[in-house]
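There are 2 protein chains.
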Amino acid sequence: MSKKGITVKKHDNFSEWYTQLIQKAELADIRYDVQGFIVHMPWATRIARTIYEYFEEAVEADNHEPMLLPTVIPEESLKKEQEHAGFVPEVFWGTEAGTQKLERKFALRPTGETQIYPMYSLWIRSHNDLPFKRYQSRITTFRNEMQTRPFLRGREFMFFETHDVFETHDDALKQIKKDMQIMTEVAQNKLLLPFIFLKRPQWDKFLGADDTYTSDTLNPDGRRTQISSTHDLGQNFSKPFNVKFTDKNGKEQYAYQTCFGPGIWRILASLIAIHGDDNGLILPFNIAPVQIVIIPILFSSKEKESKKVTAYCAQLRTQLQKSGYRVHLDSRDYLSPGEKYNIWELKGVPLRIEIGPREAQSKTATIVRRTDKKKTTAKAIAKELAKQSKIVDKHIKDNAHNYFKNSTKSASTFTEVKEILEQHRGFVIAPFCSTWKDGKPCADKLKEETTAHVCGTPLEEKKPKAACIVCRKPAQHLVYIAKSI
Amino acid sequence: MSKKGITVKKHDNFSEWYTQLIQKAELADIRYDVQGFIVHMPWATRIARTIYEYFEEAVEADNHEPMLLPTVIPEESLKKEQEHAGFVPEVFWGTEAGTQKLERKFALRPTGETQIYPMYSLWIRSHNDLPFKRYQSRITTFRNEMQTRPFLRGREFMFFETHDVFETHDDALKQIKKDMQIMTEVAQNKLLLPFIFLKRPQWDKFLGADDTYTSDTLNPDGRRTQISSTHDLGQNFSKPFNVKFTDKNGKEQYAYQTCFGPGIWRILASLIAIHGDDNGLILPFNIAPVQIVIIPILFSSKEKESKKVTAYCAQLRTQLQKSGYRVHLDSRDYLSPGEKYNIWELKGVPLRIEIGPREAQSKTATIVRRTDKKKTTAKAIAKELAKQSKIVDKHIKDNAHNYFKNSTKSASTFTEVKEILEQHRGFVIAPFCSTWKDGKPCADKLKEETTAHVCGTPLEEKKPKAACIVCRKPAQHLVYIAKSI
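If you read the protein sequences in the order shown, they are chains F and Y. Here the first sequence is numbered in our numbering, starting from 1 and rising by one per residue. Here the second sequence is numbered in our numbering, starting from 1 and rising by one per residue.
Here chain F stands alone, though its shape is the one from the complex (with noise of 0.2 Å):
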């Protein structure tokens, strides 16, 4: 391996391989002169509009239309939900323009719902406005982290949200169950990522919600990594807010509430981080930037055959750029074959085809999977191509499916529980505490004796017939625990 590859192994050291594989396969510049704020380098700017177009059709389907609102807050909106002005101590203020302070002061943006819903208070009127559904997409959204790293926590990162207004509570449940279709359809069919769908503890909901629910996946260290979100805010943002509606028989109604947020960053970074191996970034075919890379074999020594290999190259790339595969032939003549190998495999393509003078003298390709490695030589190029793509995502999915399995255990002490948090991370599924309101000292105290978390409650729940693995009363939930990122 050449000495611009990864020098560590995946699963000896997560959090090294994971620094390393951002700036080696060129995802992320840290080095931008202001703290906590980063450079999103082309791979991962291509990679993160994919994720957002298919966001974006998924809401769109289910009737959702998308907008755009001012990147700044006023203070007074911010705070106007008392629970959610929770928020205040992260956020970013703008004071000044010029060399003059402004007379107001603004937020930066830490999240959409305060300065969305006094619009919606103006644009919403009759029951014949619901169910009311908007989004924004692509815009960007800050929060003073101390700690940060790059796609998992910044002081900036890019956001996408989904706000619905409804007539009933019922038919905001609906809702959810619709946003975690669409976590289904999006990031475990097309990214190939697994995850399950976990009920918040009353004690870590979202600011100001009635519930939140959310996708939660596993990091390869066992960290659980929330990957969306979606608040049953009830009525707690349509009554401060004044979102109402006359209903059917002219009455006025507050209205019920939800929003959804895939995590874009975080889904890349679970992207990166479940699929990647030690030679770097393993992309599923259809998010790839490039899907297929074409890297020539010539010898100096035999310039006729090389321009063989040249043109044939030329042509083929053409040829499948034409049956629609995103397709680039590195041509590169200051690199040799092996340092474009590894380039390529740092960056994650599918995909590579060899091409030297017996390929191009027998117009076929030699194609090498990203995942492992095996080498096929076709004649059917097109076609092979097809196969293979499906070969390598399938690799990709049982991958990452077995892990997420395995890193999932069971257990009926607090022992057990700390046991299998110290040996093999991941998600320990136990009996826990008779009520929420019981529940935060024992989610407490294991807080403070192993550091995981109480990520929540499956969504199809069975009472279990054991005792709470901390307080030992009768447990009334089976919990998800996790170390969280």
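Keep in mind that a hint or two might mislead.
[Unchecked claim] Simulated pairs of lysine-lysine, PhoX-like, Cα-Cα distance not exceeding 25 Å:
1. K133/Y / K4/F
2. K133/F / K409/Y
3. K178/Y / K133/Y
4. K248/F / K4/Y
5. K24/Y / K133/F
6. K409/F / K473/F
7. K340/Y / K133/F
8. K24/Y / K244/F
9. K190/F / K4/F
10. K79/F / K101/Y
11. K4/F / K24/F
12. K244/Y / K24/F
13. K199/Y / K174/Y
14. K394/F / K405/F
15. K101/F / K308/Y
16. K79/Y / K105/F
17. K248/Y / K307/F
18. K4/F / K244/Y
19. K308/Y / K405/Y
20. K244/F / K4/Y
21. K4/F / K248/Y
22. K248/F / K340/Y
23. K374/F / K397/F
[Stated by the list, open to error] Listed below are several chain F residues computed to face chain Y (Cβ distance under 7 Å; list not exhaustive):
24. V39
25. L69
26. W93
Because the hints were derived from the structure by calculation, they are not lab data. From the three backbone atoms N, C-alpha and C, an ideal C-beta is built for every residue, glycine too.
Fit chain Y to the known structure of chain F by using the hints.
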């Protein structure tokens, strides 16, 4: 016309027409609670998205790769290029986080140069890296403008920018031509907008550029709007920001740079202003979020026939969607067909289909063009829609280009220039001063007496055999003069 329609004529009172259209076609909401910041409504967001997509596709075909930088810029970077630091009076500053003052304040990006070039200095090493072409799209930018107008000038606006680096000035000049081709391809061929390429006078160029090349169009009130610019930055930024490369002889050189920015907002504003008519917006077929709206004509007295109409409308929608059209069926039962006509005319949907019992019975469609309201009843519906969409586009294009042509006059004396500016507005082409240095006082006098600007010279310049309209010395240039927005 319903009271919801626009109450003034576009050519009588363009300013009021524009204000009403923005509101009544639901393009923007100016009631957001931070002055000078607006909300983009779904219709405008969708149109803008297509404009973005056109530019993304065009610059990527020209080998640009996307990247994404933070919204914030450190103070030192912003002030590094001396002339460019002239932006500072317009800059918003972030100075606090939570309740704490930040150690270093940051600027909210007014434009990208000073944040991007420090990174380029890290990324570019060798002539092998050049040309180096990157862009940012769908990002946000801030300037503390005193006068704001939706889509024409705002404190926060949608941004698109390419930033290119070359070995030689010649390469840079070739890119400037390429950027113009991109403008022709997108703004002229796809958005059907008329404009002219101009080279700005030296006193009106971008801060820090050697030369600024623009695309200028005309609003219906005859005022010039700049819809794109490419700046020839020479080595003005590469020197302070240290953007260097090792040339083929192993010698270190400062690079040559250009940047290109189509004004997404301005283009949207021009699309609205130039193509719209007294009834509202008129959208070119390819950019319309809804290309065809189906309006059922139901009669409450004829229940059985109405059911047939409803069923046929749904069937037709599915059929046309399958043919690849963006179709909307407006089945709202609380609005009359007439109210729906007005709404979709306001929004500029190019084709309307009216379906009553007669059409449902005969499996036909009555198609109405937005441009001239001419009706056609067709049996081969998809085929007829393709034909009608071309007629609409031709109408839009001819109208716009005729207007632009008729609003461009020639003059050879100051009196003539003044007369034209008073009567017709638009562009006046006139002979202008001996040197750019001498030109400034002449331009100032012109501005003082007419409020009009010397916009610049066309690219294929012919030296006029005439005297400068202001100072009467032998003229070196034929310039375009206009009042600006």
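Of the numbered hints stated earlier in the document, which are not met by this structure?
Of the numbered hints, 2, 9, 15, 19 do not hold.
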